[in-house]
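All chains, full assembly: derive it from the sequences and hints.
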Amino acid sequence: MNHDSHSRQFVYMLIKDYLKFALEGPQSAPASSSAAETLRKAASLFQGAREQEFELYIKQLNITSTEDVKRAFPILMSEISSDGKDNWSRLVALYAFCGELVRHLKRRGIPEEELVEDVAQCMAHHTWTFKAAWIKENGSWEKGFVEYFKREDTGFVDYFRQKSPRFSYAKLAAVTGIIAAFSFVIYQH
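With full-length UniProt numbering, the residue at position 105 of the sequence shown is 105, and numbering never jumps.
These are computed hints drawn from the structure, not numbers from a lab. Just so you know, these numbers come straight off a predicted model, no measurement behind them. We treat Cβ as the ideally placed atom computed from N, Cα and C, and that holds for glycine. One should not assume that every hint holds.
Listed next, with one range per pair, are the computed distances between beta-carbon atoms [as the list claims (entries may be wrong)]:
1. Asp68 / Lys143: 30 to 38 Å
2. Ser7 / Lys59: 34 to 42 Å
3. Glu137 / Glu112: 31 to 39 Å
4. Arg108 / Glu137: 36 to 44 Å
5. Asp83 / Ala132: 17 to 25 Å
6. Glu67 / Lys143: 31 to 39 Å
7. Gln60 / Glu147: 30 to 38 Å
8. Ala132 / Pro30: 25 to 33 Å
9. Glu137 / Asp68: 27 to 35 Å
10. Gly109 / Lys143: 35 to 43 Å
11. Gly25 / Arg108: 13 to 21 Å
12. Gln60 / Glu137: 32 to 40 Å
13. His104 / Gly139: 26 to 34 Å
14. Ser65 / Lys143: 33 to 41 Å
Structure (structure tokens):
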């Protein structure tokens, strides 16, 4: 990704890279930036830890098309940060959910290229529109995001095993926010 890490195009390429990785796994092309590699690791760990819950939410939300994603994503994004407390872990939780979502939709027969493109465009648009200022204030993707998850070599593992209080609180906030957002969307329909 030869784009400024604080550009709309960078956000789009970052999300597209992760969605392809979520679908293809280790067979996907190598990550093209440290932010892409970090997102792959962090979101994959979160997705793996919450896969059954995510599948349940997807089923309850009755998401069967990319149009459903376009309808639900802005609501999920606003609900996850409705308390005004943004953090990198909450973005990762949302992106991890979308990774599981694209896998679900691919199993329903939606062509991968269309699926990745539509969902990446939607996610990038809302990330850029509503989170660009926060992302820039927090060091952008290549610095702030990467550093947030690389504070210690075992940071990714600690995040899920709750060895580090910082990662424990981030995990709790991300899980609480995403569950609240999913519940809100479910009860709205």
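Verification of the hints:
Look at Asp68 against Lys143: about 35 Å separates their beta carbons, and that is inside 30 to 38 Å. Judged by the Cβ atoms, the range 34 to 42 Å given for Ser7 and Lys59 holds: they are separated by roughly 36 Å. Separated by about 35 Å at the C-beta atoms, Glu137 and Glu112 satisfy the suggested range of 31 to 39 Å. The hint said 36 to 44 Å for the Cβ distance between Arg108 and Glu137, and at roughly 38 Å that hint holds.
Evaluation of the 17 to 25 Å hint for Asp83 and Ala132 yields a pass: the beta carbon distance comes to about 19 Å. A hinted range of 31 to 39 Å for the beta carbons of Glu67 and Lys143 is consistent with their spacing of about 36 Å. Separated by about 36 Å at the C-beta atoms, Gln60 and Glu147 satisfy the suggested range of 30 to 38 Å. For the pair Ala132 and Pro30, the supplied restraint of 25 to 33 Å holds, since their beta-carbon distance comes to about 27 Å.
Look at Glu137 against Asp68: about 32 Å separates their beta carbons, and that is inside 27 to 35 Å. Between Gly109 and Lys143 the C-beta distance comes to about 40 Å, which sits within the given range of 35 to 43 Å. The hint said 13 to 21 Å for the Cβ distance between Gly25 and Arg108, and at roughly 19 Å that hint holds. A beta carbon spacing of about 34 Å between Gln60 and Glu137 agrees with the range 32 to 40 Å that was offered as a hint.
Checked against the hint of 26 to 34 Å, the pair His104 and Gly139 passes, with Cβ atoms roughly 32 Å apart. Distance hint for Ser65 and Lys143: a CB-CB separation of about 37 Å, consistent with the stated range 33 to 41 Å.
Comparing the model with each numbered hint stated earlier shows that all of them hold.
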